[in-house]
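Given these sequences and hints, build the entire structure.
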Amino acid sequence: MVCAGLGEIVPRSLASFVAVEKLRSGASPQQAADGGPPHRPEENPDVAACHVGILVLDFAGRSGPDAIQPGVTYAGRDALEDRVLPAPVPG
Numbered sequence: 018m019v020c021a022g023l024g025e026i027v028p029r030s031l032a033s034f035v036a037v038e039k040l041r042s043g044a045s046p047q048q049a050a051d052g053g054p055p056h057r058p059e060e061n062p063d064v065a066a067c068h069v070g071i072l073v074l075d076f077a078g079r080s081g082p083d084a085i086q087p088g089v090t091y092a093g094r095d096a097l098e099d100r101v102l103p104a105p106v107p108g
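Going by our numbering, the sequence shown opens with residue 18, and the numbers climb by one from there.
Quick caveat, the hints were computed from the structure, so don't treat them as lab data.
Do not rely on the hints blindly, as some may be mistaken.
[What the hints assert, rightly or not] In the DMTMM-like style, the derived pairs of lysine to aspartate or glutamate whose C-alpha atoms are separated by at most 25 Å in a straight line are:
| id | residue 1 | residue 2 |
| --- | --- | --- |
| 1 | Lys39 | Asp51 |
| 2 | Lys39 | Asp75 |
| 3 | Lys39 | Glu25 |
[As the list claims (entries may be wrong)] Cβ pair distances, simulated, as ranges:
| id | residue 1 | residue 2 | range |
| --- | --- | --- | --- |
| 4 | Gly52 | Ala77 | 29 to 35 Å |
| 5 | Ser45 | Gly24 | 19 to 25 Å |
| 6 | Glu25 | Arg79 | 28 to 34 Å |
| 7 | Gly24 | Gly78 | 27 to 33 Å |
| 8 | Gly52 | Gly24 | 18 to 24 Å |
| 9 | Leu23 | Ala77 | 17 to 23 Å |
| 10 | Ala77 | Gly24 | 31 to 37 Å |
Beta carbons: idealized from backbone N, C-alpha and C, even for Gly.
Following this line, the structure appears as structure tokens:
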């Protein structure tokens, strides 16, 4: 799992903690990433300035991306091809 983004917003989001707890409960990587890193308006009211994303991987090679803002992409590799995969739009 990886969380990346703008400065102190990343650890404050607790995104990796939340995703690990979801995985412990039996969630798939995409289910663990869904909802993305939480945006806390009280800490940063401008969501466009919150550059935080998460990518969850499991031992089977499945991945689950998400981000606070839409349009984030990541590069993935599976057994067949290299590809760029869009992260789902946070909902």
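The hints, checked one at a time:
| no. | hint | in the structure |
| --- | --- | --- |
| 1 | Lys39 - Asp51 | holds (10 Å) |
| 2 | Lys39 - Asp75 | holds (12 Å) |
| 3 | Lys39 - Glu25 | holds (23 Å) |
| 4 | Gly52 - Ala77: 29 to 35 Å | violated (22 Å) |
| 5 | Ser45 - Gly24: 19 to 25 Å | violated (30 Å) |
| 6 | Glu25 - Arg79: 28 to 34 Å | holds (30 Å) |
| 7 | Gly24 - Gly78: 27 to 33 Å | holds (31 Å) |
| 8 | Gly52 - Gly24: 18 to 24 Å | holds (21 Å) |
| 9 | Leu23 - Ala77: 17 to 23 Å | violated (31 Å) |
| 10 | Ala77 - Gly24: 31 to 37 Å | holds (33 Å) |
Going down the numbered hints, you'll see the structure goes against 4, 5, 9, while the others check out.
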